[in-house]
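Colleague: As they're listed, the protein sequences go chains B and A.
Counting from 1316, one number per residue, gives the positions in the first sequence under the working numbering.
Counting from 41, one number per residue, gives the positions in the second sequence under the working numbering.
The set of hints was computed from the structure by calculation and includes no laboratory data.
Only a predicted model underlies this, so the values are computations on that prediction, with no experimental measurement involved.
Built from N, CA and C at the ideal position, the CB exists for glycine as well.
A hint or two may mislead.
[Claimed, not checked] A partial selection of chain B residues facing chain A, derived with a Cβ cut-off under 8 Å:
1) Glu1337
2) Asp1345
3) Gly1346
4) Glu1358
[Stated by the list, open to error] So the derived list for chain A, only partly shown, Cβ under 8 Å to chain B, looks like this:
5) Ala94
6) Thr97
7) Ala151
8) Ile386
[Unchecked claim] Computed Cβ-Cβ distance ranges for the label pairs, DEER-style:
9) A:Ala345 - B:Leu1324: 39 to 49 Å
10) A:Ala223 - B:Asp1342: 15 to 25 Å
11) B:Asn1368 - A:Arg140: 50 to 60 Å
12) A:Gly54 - B:Asp1361: 19 to 29 Å
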Amino acid sequence: MHVSVDTTLCIGSGQCALALPEVFDQDETDGLVVLLDAKPPRELHDDVDEAVNRCPVQAIATTAT
Amino acid sequence: MSAEPVPAHPTGRGRPFDPPQELMEWQAREPLQRMRYPDEHVGWVVTSHELARAMLTDARFSARSEFKRAPVHRPGTEPFFGVPAAPGWLVDMDPPEHTRLRQQLAGQFTARRMRELRPRLTGIVDELLSAMERGGPGTDLVEAFALPLASQVICELLGVPSGDRAEFQRNSRILFNLTSTAADTSAALDRLYATMQDIAAGGGEPGETSGLLQALTEDGTLDTEEIAGVGVLLLTAGHDSTTGSLGLSVFALLSHPDELARLTADPSIVDNAVEELLRYLTVFHFGVPRTPLEDLEFAGRQLRAGDSITVSLSAANRDPRWFQDEADRLDLTRRTTGHVAFGYGIHQCLGQNLVRMEMRTALPALFQRFPTLSLAVPAENVPLSTDMSVYGVHRLPVVW
Ligand code: HEM
Ligand code: SF4
């Protein structure tokens, strides 16, 4: 799985960073998403999918690799 | 053409935790349908989960307050609707004004920061529970717990100096009290603005208290008026909603003893339990307002520029097409992903992770301290704020 984020869409809701701090963080100045791990280990894939579904502005995308 | 009268937004509830039945009938029949507003304007209401999310992520729908109408007449909302957004009130703005303010504030509400608040929240909760214990064995849980918790947290977050807090809390109480007169409310609002402006302008002992208002002042991007506006917005958006959610959650758990027993037996389910309570109770029960700024087609209907639309979050959160497993049942371990209790799209609640931390801390601690907590009055005598913009309990008499 490959994860990408679009900071032009992100509104800093923090849903991804709350749900999965291993993969997502937020910038301390504007709250926008910071991707920590673009290739998370398999055991986190379900949680990444969950973050994708929770994002209120569809700023997180995944592709199979 | 049938001349069936266009209905108004319902307010009556058959059961305290369920949205008005009409909303659910509309959802099943016509999830985007016409609705009459208090000023006789004929606009629309959205009741399905699918259309609610579609509308709240569609940039053609504006959140500007000039075009907003409250679906139910509520004294006290007049100063905010039908006029341009007050400085700092991002909830009433569209991009790019909204974006600028949101990015200024979101850095103060990151998940990391909200997680770091946890020990402080635990401290406040424990103090309140100890005070309850000393005064026991019974109290009004709103007055003794939900309200002071919400109020103290927002004061600390904003950075209201301790010397100003009593006055600040007195004014917020007037602002949120149903029985306050319009004159009292507006005077209280003026005083709150003045306090925020003082803090933003650097009043108080330097370094004594540091919160969001001081951080915004130091940053220097927003002017004093905007910072004061942000302060009042956060107070307005966060005070009643948090108090209401806490009070109503305790009421709902006491009314669903099997679900409460699951939570007390296994506190590790609390994160999901809080999401489910937020979904099930949806305290923003009059939804969120949006307006198309041009004539357009949406979901097969022709909408006109200026039509008021209410997106019903309570109905969307009970949509059986999304929450398939008996959407009307409180089930603390159901899959809650996609609930819209905090809205959806670019305006989704800025304070959501603060609320999550407060509820995750408060609910388990309350039931741990008072394992025998129960209602002190019959459930049907608990006074509900069905006519307020945020749903909740006015009082929750409990004993232990
Ligand atoms: C259970 C408690 C709460 C609920 C249910 C709630 C719900 C909501 C909803 C539904 C919206 C979207 C409004 C719209 O789309 O027009 C919203 C926005 C907002 N909320 Fe909350 N809220 C809660 C607590 C808080 C708290 C504690 C704060 C601040 C400390 C807060 C600050 C805000 C702000 C600033 C916005 C506007 C965001 C924007 O326009 O980008 N809320 N909230
Ligand atoms: S969930 Fe979406 S909007 Fe929220 S911080 Fe993550 S990427 Fe940004």
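Colleague: Each hint: holds or not?
Modeller: Against the structure, the hints come out as follows:
With its C-beta approaching chain A no nearer than about 12 Å, B:Glu1337 sits outside the 8 Å limit, and its interface hint is violated. Below 8 Å, beta-carbon pairs count as interface contacts, and B:Asp1345 has one with chain A at about 4 Å; its hint therefore holds. For B:Gly1346, the interface hint holds, since its Cβ comes within 8 Å of a Cβ in chain A; the closest pair sits about 2 Å apart. Interface hint at B:Glu1358: violated, since its Cβ lies 19 Å from the closest Cβ of chain A, which is beyond the 8 Å cut-off.
Checking A:Ala94 against chain B: minimum C-beta separation of about 12 Å lies over 8 Å; hint violated. A distance limit of 8 Å between C-beta atoms decides the matter here; for A:Thr97 the minimum to chain B is near 7 Å, and the interface restraint holds. The criterion of a C-beta within 8 Å of any C-beta in chain B is met by A:Ala151, whose closest approach is roughly 4 Å, and the hint holds. A cut of 8 Å between beta carbons decides the hint on A:Ile386: the least distance to chain B is about 5 Å, and the hint holds.
For the pair A:Ala345 and B:Leu1324, the beta carbons lie near 26 Å from each other, so the given range of 39 to 49 Å is not met. With their beta carbons about 44 Å apart, A:Ala223 and B:Asp1342 fall outside the hinted range of 15 to 25 Å. Between B:Asn1368 and A:Arg140 the beta carbons are some 28 Å apart, a value that contradicts the proposed interval 50 to 60 Å. For the hinted restraint 19 to 29 Å between A:Gly54 and B:Asp1361, the CB-CB distance of approximately 38 Å leaves it violated.
Against the hints set out earlier in the document, violations occur for numbers 1, 4, 5, 9, 10, 11 and 12.
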